[in-house]
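Student: The lines below spell out each chain.
2 protein chains.
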Amino acid sequence: MVPPNTFAGASLDRAGARRRDEAWVQARLRDPASRALAVTREGILVDRDGRTLTRLPLDAIPARGTTVLLGVETDGSALFGVDVEHVHDAARPLAPGARVLGLRAAGALLPQELGGLAAYVSALLGWHRTHPHCSRCGAITDVHEGGHVRRCPVCRAEHHPRTDPVVIMLVLDGERVLLGRQPSWPAGRYSALAGFVEAAESLEEAVAREVLEEAGVQVRDARYVSSQPWPFPSSLMLGFTARYAGGEAVVNDGELDDVRWFTRDQVRAAAAAERDGEDPWERGDANAELLLPPPVAIARRLLDGWLAGDA
Amino acid sequence: MVPPNTFAGASLDRAGARRRDEAWVQARLRDPASRALAVTREGILVDRDGRTLTRLPLDAIPARGTTVLLGVETDGSALFGVDVEHVHDAARPLAPGARVLGLRAAGALLPQELGGLAAYVSALLGWHRTHPHCSRCGAITDVHEGGHVRRCPVCRAEHHPRTDPVVIMLVLDGERVLLGRQPSWPAGRYSALAGFVEAAESLEEAVAREVLEEAGVQVRDARYVSSQPWPFPSSLMLGFTARYAGGEAVVNDGELDDVRWFTRDQVRAAAAAERDGEDPWERGDANAELLLPPPVAIARRLLDGWLAGDA
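Quick mapping for you: the protein sequence lines, in order, are chains A and B.
Residues 1 to 311 in the working numbering are what the first sequence lists, from first letter to last.
Residues 1 to 311 in the working numbering are what the second sequence lists, from first letter to last.
Bound conformation, chain A alone (with noise of 0.2 Å):
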C-alpha cells in the first residue's frame, strides 16, 4: 500500500460558489474567527515545533499583499492565504517562534492535510505574484472571488490561476525500469522521465512523446496511476506506468544528462538503503549506484508501487 502523495490532501471547503459574492468575501475579511497563513517567496510559516502551519488573525498582520480565500474549515471559519513577502522579517516574527519553512520541506515534515494547504497556498499566492497584468492588453488587473480570478478593467479579459499539467512515467519492461537524470541532480540520483503536456495533447499522447524525445524510446499501455499537485511554481503531475515497446535508451533531446535502465532488485536495494530521516533529494554520492528520489516526489510513489507489485 503506497501513501498518498505529498500536497494533495487540501481537504478544506472550498467555498467554490460562495466566493463569488463579494459582500461574503468581504464579511469573512472582517471575521475575528477568520484566519490566515503567511507565504513569502522562501516558504511558509510554520510554528516552533515544524509540524503546524501557523493560523495568524487577519489583524496580526501589518500591511497585508495579496490575500486569498482558501476555503472554510470545519468549525466554519474562513482560511485566507496571505503574501507576507514586504512584513516578514526573520527577527520579529508575525508569530511568537513562527519561522518560515521551504515548500518541499514542509511536504517532507507536514501531516498530509497540512502538507495539503501550504501547497494550495504557495500556488495561489504564487500565481497573483507572477500574473499582476492583464496578458491581452497589459494593464494591472483586479483582484476578485477571493483571489481565484483576475479582472482586467481596461479589456475586460476574466484570468484564472494557471496549474501546468506534467506526465510523468515509468517506462517498464518486465523487470526493469527506465530512468533518467537531470545535469544538476546530486551525483547518483535517477528519477522518472517527465515533461509539460502540450497543446492539444492527450495524456496518453503526452507520455509517448516525452519518453521518445527525452530517450528515444517507443512505449505502449500508458496506463494512469496517480496525480500529485507539484506547487513549484504550478504543475499537476500526472503519474503513469507504460510499457516499453522498443529503442535503444539513449539522451536524446539534451535535456537530460543520462537514461538507464535499472532492474526490480537495484531499486529495491537503493531504497532498503537509506537512512531515516535522510532526504536524498539534497544529497549525492559519487559511489553510490542508484539514488532514488524522496518520498516526498510521485516518482518515488510509482517507484515504490511498482516495487509492491502495483504495476
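For the record, the hints were derived by calculation from the structure and aren't laboratory data.
Because the structure is a prediction, the values reported are computed rather than measured.
Check the hints yourself; a few may be wrong.
[Said to hold, decoys possible] Label-pair restraints from in silico Cβ distances: (1) A:R99 <-> B:E22: 40 to 50 Å; (2) A:A139 <-> B:E85: 17 to 27 Å; (3) B:V143 <-> A:E175: 39 to 49 Å; (4) B:P186 <-> A:R99: 55 to 65 Å.
[Said to hold, decoys possible] A few chain A residues that face chain B, going by a derived Cβ cut-off under 10 Å, partial list only: (5) A157; (6) F196; (7) E198; (8) A206.
Virtual Cβ for every residue (Gly too), placed ideally from N, Cα, C.
Fit chain B to the given chain A structure using the hints.
Tutor: Frame of chain A, contents of chain B only:
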C-alpha cells in the same frame, strides 16, 4: 470498443528539441517544401470537400499573422500554423475552393489525425492571441522556439502555452448515472458533470469537489478513463468514472439548471433515437426525455463506454 477521443491524434513529430534552434526554425520558414495550416477566429481552412485541412505554401499567405511551428511531417517537411484573421477573405480565399470550418465541426467531420492537428494549431494560435503581453510586467513579449515560448524583453519572464486541466466524470450507482445540464444547452440535453482543476488539487480531489459543489453528492473510487484536448480555448478534459457514495442529487451551486439520475436503459434509448449525421449539440427537442452529448465530446465516449460495460 469506444473510438478514440476527438481532437487527440495530432501525431506529427513536434520537434521539441530542434525548435529551440532559432536558425533551424528560420530555415524551415524559407524552405519551399514547408506548408502551413491557416486559422481564423472562426475556425480552420479546409479544402472544398471539407475532409482535408488546406496545406498552403508559406509564400501563398500575404501579411502573415502569428506563425508557429507545429512540427515535422513524415516526409520531412515542416508544418506551420498561421493566424490569417486579418487577411482572410471568404470571397477571395487563400486557395481555390478553400473555406473556413468551425473547430467543433472540424472535429466531427475530419479524420482523427486531422481533427488533432486542427485542435493543436487552434489551441496554440489562440494562446498567442490572448497572451501578447507579459503577465508579470505588462510589456509586449517576443515569440521564440517556433511559437512555443514567449519571452519578455523587459523583465525576462518566460511564458508557455496554457493548458487548463478539467475533470469530467460519470457518477455511477449500479444501473444509473448522474448527469447535469447547463442553462444554455438545448432543451433535453444532459451531459457529464465537469469543472476546472483548482490550484494544488489532485485529479481525484477535483472530481469529488466538483460533484459535491454542482450536485450535492459524495463519490468514491474516482477512476481515470481517458483524456481529450478540448481547444475552446485550451482545456484538457480528464475523463473519470466515480461511484456514488451518498447525498441527494440537487442543483447546488447555481452553475447547472438541473442534475438528474438516468438509467442505463434511458441512456441506451437516447443513443438509439439519434438520427444518423445529426448533431444533437445544436438541436433541442422539448419532447425528448434525454438528448446525449455528441460523439465529439468525451462525455459521450464515457457514456458509450458505460453502455458497452467498460465501467
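Student: Are the hints correct? Go through all of them and say.
Tutor: Each hint, compared with the structure:
1. A:R99 <-> B:E22: 40 to 50 Å: Because 45 Å falls inside the window, the suggested range holds.
2. A:A139 <-> B:E85: 17 to 27 Å: With a Cβ separation near 22 Å, A139 of chain A and E85 of chain B satisfy 17 to 27 Å, so the hint holds.
3. B:V143 <-> A:E175: 39 to 49 Å: holds, 46 Å
4. B:P186 <-> A:R99: 55 to 65 Å: holds, 57 Å
5. A157: holds, 7 Å
6. F196: holds, 7 Å
7. E198: With a minimum Cβ separation of about 6 Å from chain B (threshold 10 Å), the hint on E198 of chain A holds.
8. A206: holds, 9 Å
When the structure is compared with the earlier hints, no violation turns up for any of them.
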